[in-house]
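Whenever a hint applies, use it, and build me the whole structure from the sequences.
Number of protein chains: 4
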Amino acid sequence: MTTKLRAAIVGSTGYGGVELIRLLLAHPNVEITSVISSSSAGAPIADGYPHLNQILTDRLDAVDVELIRSKADVVFLATPHGVSTELSPKLLDAGLKVIDISGDFRLQSGDVYETWYKHKPADPEYLKRAVYGLCEVFGEEVRGKDFISNPGCYPTATLLGLAPLAATGWIDPKSIIADAKSGVSGAGRGLSLLVHYSEINENFLAYKVNKHQHTPEIEQALSRLAGEEVVMTFTTHLVPMTRGILSTIYVNLKSPRSEDDIRELYRQYYEGRKFVRIRDKGKYPATKEVWGSNYCDIGLSLDSRTGRLTIVSVIDNVVKGAAGQAVQNLNLMMGWDEATGLAFTPVYP
Amino acid sequence: MTTKLRAAIVGSTGYGGVELIRLLLAHPNVEITSVISSSSAGAPIADGYPHLNQILTDRLDAVDVELIRSKADVVFLATPHGVSTELSPKLLDAGLKVIDISGDFRLQSGDVYETWYKHKPADPEYLKRAVYGLCEVFGEEVRGKDFISNPGCYPTATLLGLAPLAATGWIDPKSIIADAKSGVSGAGRGLSLLVHYSEINENFLAYKVNKHQHTPEIEQALSRLAGEEVVMTFTTHLVPMTRGILSTIYVNLKSPRSEDDIRELYRQYYEGRKFVRIRDKGKYPATKEVWGSNYCDIGLSLDSRTGRLTIVSVIDNVVKGAAGQAVQNLNLMMGWDEATGLAFTPVYP
Amino acid sequence: MTTKLRAAIVGSTGYGGVELIRLLLAHPNVEITSVISSSSAGAPIADGYPHLNQILTDRLDAVDVELIRSKADVVFLATPHGVSTELSPKLLDAGLKVIDISGDFRLQSGDVYETWYKHKPADPEYLKRAVYGLCEVFGEEVRGKDFISNPGCYPTATLLGLAPLAATGWIDPKSIIADAKSGVSGAGRGLSLLVHYSEINENFLAYKVNKHQHTPEIEQALSRLAGEEVVMTFTTHLVPMTRGILSTIYVNLKSPRSEDDIRELYRQYYEGRKFVRIRDKGKYPATKEVWGSNYCDIGLSLDSRTGRLTIVSVIDNVVKGAAGQAVQNLNLMMGWDEATGLAFTPVYP
Amino acid sequence: MTTKLRAAIVGSTGYGGVELIRLLLAHPNVEITSVISSSSAGAPIADGYPHLNQILTDRLDAVDVELIRSKADVVFLATPHGVSTELSPKLLDAGLKVIDISGDFRLQSGDVYETWYKHKPADPEYLKRAVYGLCEVFGEEVRGKDFISNPGCYPTATLLGLAPLAATGWIDPKSIIADAKSGVSGAGRGLSLLVHYSEINENFLAYKVNKHQHTPEIEQALSRLAGEEVVMTFTTHLVPMTRGILSTIYVNLKSPRSEDDIRELYRQYYEGRKFVRIRDKGKYPATKEVWGSNYCDIGLSLDSRTGRLTIVSVIDNVVKGAAGQAVQNLNLMMGWDEATGLAFTPVYP
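Chains as they are written, first to last, in numbering that gives the first Met the number 0: chain E, 0 to 348; chain U, 0 to 348; chain F, 0 to 348; chain D, 0 to 348.
Heads up, some of the hints might be wrong.
Identical chains share a label here; the pair holds if one copy fits it or two copies do between them.
Below, in silico cross-link-like pairs of lysine-lysine (DSS-like), each with a Cα-Cα straight-line distance of 30 angstroms or less [said to hold, decoys possible]: (1) LYS173 <-> LYS70; (2) LYS210 <-> LYS280; (3) LYS119 <-> LYS282; (4) LYS280 <-> LYS207; (5) LYS207 <-> LYS273; (6) LYS70 <-> LYS96; (7) LYS210 <-> LYS119.
Hints are computed from structural coordinates only; laboratory data are not their basis.
Below is the structure:
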């Protein structure tokens with residue numbers, strides 16, 4: 000193509016934003032024209048991220064809708080909760096395409112959002128307009144749209160692990176338990192004692208037990224797939240590593256199925272989708288096997304003793320769980336191959 | 000006391016053995032009189048473990064029942080599966096007290112052992128004689144005995160997290176799921192690609208899904224507590240850290256109970272037991288909070304949305320999950336205070 | 000003994016303070032009677048450090064000299080720079096023994112302190128009174144004193160590695176280079192981006208190059224030992240681990256010596272000192288081999304090609320580099336065996 | 000271009016080999032036509048490296064010169080010492096281009112090789128033919144050649160840190176000390192206790208003190224640059240992280256120079272070279288800032304107190320220190336832009 004799509008990134012100084020920069024710098028159809036930060040406007044982005052020295056020499060722009068309109072065609076929002084609520088409607092009204100990585104437009108119900116996020120929900124009109132961009136499940140709805148709500152990291156790993164079964168009716172929706180573990184980068188660059196090195200190194204812990212705001216997001220998508228309301232148990236843990244999410248999911252089958260049938264169901268469901276890989280019998284993915292990449296790898300084990308199915312699903316939380324899926328959504332929006340600019344190999348070891 | 004109990008440690012060059020050395024060196028009533036290794040006999044133990052330089056200058060003894068009898072009153076076995084099967088009967092016949100840290104005498108059924116361990120089971124007569132030393136649950140049976148089978152690391156964390164409820168009949172025994180995570184030292188000092196640094200650093204994975212040999216050990220104890228056969232789902236994961244186990248346990252209640260009632264049940268069950276600490280409402284333990292110590296810390300969360308209880312239980316796998324509980328069992332056998340030589344503070348940070 | 004010495008700890012909520020708590024709880028002659036914090040007074044210390052639950056149930060006291068005098072015989076100061084400058088004189092005037100873990104009284108010259116610390120120096124009268132408690136080198140001066148300035152973590156590792164040679168005149172004092180590496184706990188519990196987990200995990204870096212405030216402290220002690228002014232090169236690095244310091248030290252010999260002679264010099268210098276261990280030829284210590292303990296282990300290598308000597312010295316920065324040496328100083332002050340309460344084995348693995 | 004260059008990789012199952020796969024899969028001008036392993040021939044490479052599932056589905060070929068000739072134009076050797084000694088001459092005689100990542104052809108003197116590597120040296124005729132491919136220093140010699148000896152990881156970091164000064168004669172060649180620290184992946188995938196997770200996690204150590212085989216490689220290049228024989232002190236350490244090398248280098252200046260002059264010298268020396276980045280005054284690079292990339296970042300500090308210069312140089316040992324520089328050498332050999340296929344951003348965090 001002759002002209003590249005011009006992209007702006009709001010929240011460029013967070014981990015999601017800086018990963019978008021890494022990915023978009025390698026995207027053949029996109030040019031980064033504005034990196035934006037409310038806190039550090041005016042400073043070169045490489046001041047806070049020296050790995051970008053001589054790679055991206057831009058200074059950070061302030062958050063200014065007019066300026067964004069003059070510089071960009073599409074805007075990525077990698078911002079804390081509450082920012083997109085206000086900003087996305089303005090960007091859309093200005094005629095921009097918006098891909099929102101925050102949680103502000105993921106829940107269709109404002110009440111549910113308020114209960115779990117403890118923030119005022121977004122305008123219902125724009126909530127309705129947002130397309131939930133879980134690419135391998137709802138990707139068809141993304142094509143040609145201008146406002147995408149990018150799924151959360153935990154929901155991406157957990158939903159890709161459950162979607163084929165949730166859509167069949169083979170499982171008891173009351174039985175779903177997801178025990179999820181995340182690398183520390185999921186907590187972002189904001190300082191807190193929880194992710195102070197000496198506290199979380201050589202440590203493993205559960206947090207927000209039965210209270211994590213990604214719970215209703217997973218339930219909303221599962222309910223839609225199952226055609227009935229799903230309420231589930233969801234637990235989050237911190238792992239002393241930077242990147243990676245592994246979700247171990249437990250479900251009871253409504254009636255007996257073989258593990259081979261279930262694996263075949265998964266393979267058919269994800270046929271033709273480059274970024275989901277189903278492991279063979281007896282093999283389970285490790286987070287490192289998708290590190291730095293946009294893959295989601297899934298393993299399955301049916302226990303004949305209990306009749307319960309265990310699903311192991313892994314992603315890189317910063318790529319497939321955030322910036323990578325956002326670029327994948329951009330590809331789908333624009334009608335490009337979904338792997339454009341994302342077809343790199345995981346970094347190993 | 001004037002005379003110290005003389006202790007021998009078989010398997011001194013493994014992580015369990017070397018931790019027994021650390022603990023027994025600090026025990027006021029015990030003297031280490033023989034450190035034993037089948038592979039490195041003759042060499043100073045500090046050759047393989049330089050941290051013991053000038054602390055324990057002994058050379059390793061070979062495995063020789065007569066020699067052990069001449070040097071020791073009690074023998075700890077920190078050996079791979081299959082060694083104790085042969086050795087413990089001989090040591091007992093020689094009049095020695097035996098505390099077996101391996102899995103060889105934990106399962107009462109030889110058939111179940113063979114199914115999960117893929118080894119020939121021990122002599123039934125000695126199997127019957129072995130007391131399962133889960134101190135806070137079955138500790139009364141340990142007093143005055145001469146042959147203790149020390150619980151596994153995962154079972155210790157999981158069973159201490161479940162025992163109070165398993166004994167009440169409040170929970171549905173078919174609903175039990177334990178999602179357990181362990182530091183890498185649990186895999187021992189034997190070399191393997193799985194625990195090669197560059198493979199498991201910055202990595203998280205599930206292993207032996209629905210196949211871990213600790214499953215029947217947990218089920219056996221739960222069945223005994225519940226008075227009915229319990230079959231459960233048990234998953235093990237590796238965490239990129241050296242020490243620590245966290246078991247996240249999910250159970251369905253048979254009938255509604257308040258979280259306060261359940262917490263009170265736990266506090267009463269463990270009353271007077273120094274090494275189990277129940278957290279207050281909304282607080283969950285981290286593995287680092289018991290690091291290097293014999294504590295087991297437990298947090299509880301009842302989810303009103305699903306009626307399901309989540310239990311978080313943590314231990315140091317090398318201490319409470321192995322050497323520490325073995326010393327605690329020694330204390331109980333000998334009629335000493337169970338905390339003798341174990342009353343040290345977790346190392347933090 | 001019938002009555003225990005009563006100890007207060009100012010700065011109990013920092014890592015140095017909380018390690019003092021761990022060590023003093025195990026000390027046979029000492030009782031902790033006050034844990035003090037300027038920021039969290041009134042709260043139970045276990046609120047911020049749950050590993051202390053049911054072990055130390057005290058609430059934090061405010062910093063109040065009268066209160067300290069009523070509760071304690073000896074005061075440990077584990078405070079940021081500048082606090083001890085003001086507080087220690089008052090505590091001494093109140094008749095208390097003081098062991099200061101901060102840097103405020105380590106440099107005899109107020110000007111040098113001001114240059115490197117960018118703080119106002121302490122009163123010269125009290126500066127003169129402070130004894131620099133590098134136990135194995137200047138320990139004789141500690142006996143019977145009431146005011147000890149506890150050495151810094153880097154200086155302890157580096158000086159114990161250099162002291163025998165510095166005192167001989169065998170080395171060229173202009174040639175000394177110490178390349179030191181520290182675990183992250185040395186940076187304390189205060190939040191900063193430098194020690195944010197996702198920044199320093201899987202990372203290694205140099206910091207404060209040619210600017211670290213421990214430089215003049217090392218030079219002052221070396222100058223005293225050498226009997227001439229020593230100016231040296233000192234570099235500090237952060238290692239992605241919690242505890243441990245390794246200092247690699249390079250010196251040129253004035254005239255040829257054999258490595259065996261040098262090793263023998265070290266062994267004689269440290270004869271009878273439990274906490275310094277000299278490795279045999281070809282062996283070098285790892286930080287993990289002293290982890291959690293008060294040992295300093297030293298290895299030596301003389302390169303015949305260059306005539307340069309390389310010294311490798313390791314400590315646990317929180318123990319021998321802070322709280323452990325402080326307790327050792329207390330033991331020396333009180334005329335107790337220097338290893339009292341400190342004779343525990345490193346935690347391995 | 001219409002036809003891609005066909006590449007074979009011998010030693011595909013080591014970390015260097017698998018990183019070559021990652022890089023060459025993204026190279027626009029190259030096609031991987033054979034992945035070769037002496038130990039696992041016949042098996043799919045993804046069996047041992049599941050991150051390659053559905054990305055590289057090839058089976059491993061045996062080492063067979065005829066087969067290689069039929070499938071490839073260029074051969075990368077990522078093999079243990081001693082393999083290339085035998086294999087490279089055969090491959091060259093078969094008309095293939097060879098890039099050798101092992102140490103077999105780096106030292107021009109067979110005697111020096113034998114002294115440090117304890118292996119029989121290669122045929123002098125082929126030794127003479129090998130071009131030492133330190134791209135930013137000797138890259139001009141690589142153009143159009145068919146046999147490149149790729150520099151070692153430590154030498155790359157250290158030499159790029161020293162080359163500008165070594166070529167000027169500003170420094171005393173007797174004063175050079177390089178204190179280098181490496182992530183664990185440098186030790187390869189072969190199992191050993193040294194890099195067993197529980198041993199090296201939360202640990203830092205020096206190894207092969209004054210004995211590392213990269214010493215003469217650095218000296219050879221420095222001697223060539225300086226025009227006189229250089230003998231230096233070189234120490235290697237292991238850091239508990241997977242990737243990254245940091246070399247802290249100390250040199251004495253022959254006569255006074257300002258830090259600004261030295262920095263300017265470095266900037267001019269590396270002008271136009273994309274992969275070397277010189278930091279501004281007071282800034283020092285961290286290994287994470289080049290993680291996963293082909294960059295070498297360098298910081299400088301001249302200490303006015305000692306007149307000594309400290310240089311901090313960082314690389315990713317698997318990329319710039321092995322596979323990345325090998326691809327860069329391929330680019331130079333072929334006359335392509337040296338950054339072809341390598342212009343990706345470091346992965347952060």
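Practice task
Give me the numbers of the hints this structure contradicts, sorted from smallest to largest.
Solution key: Failing hint: just 1.
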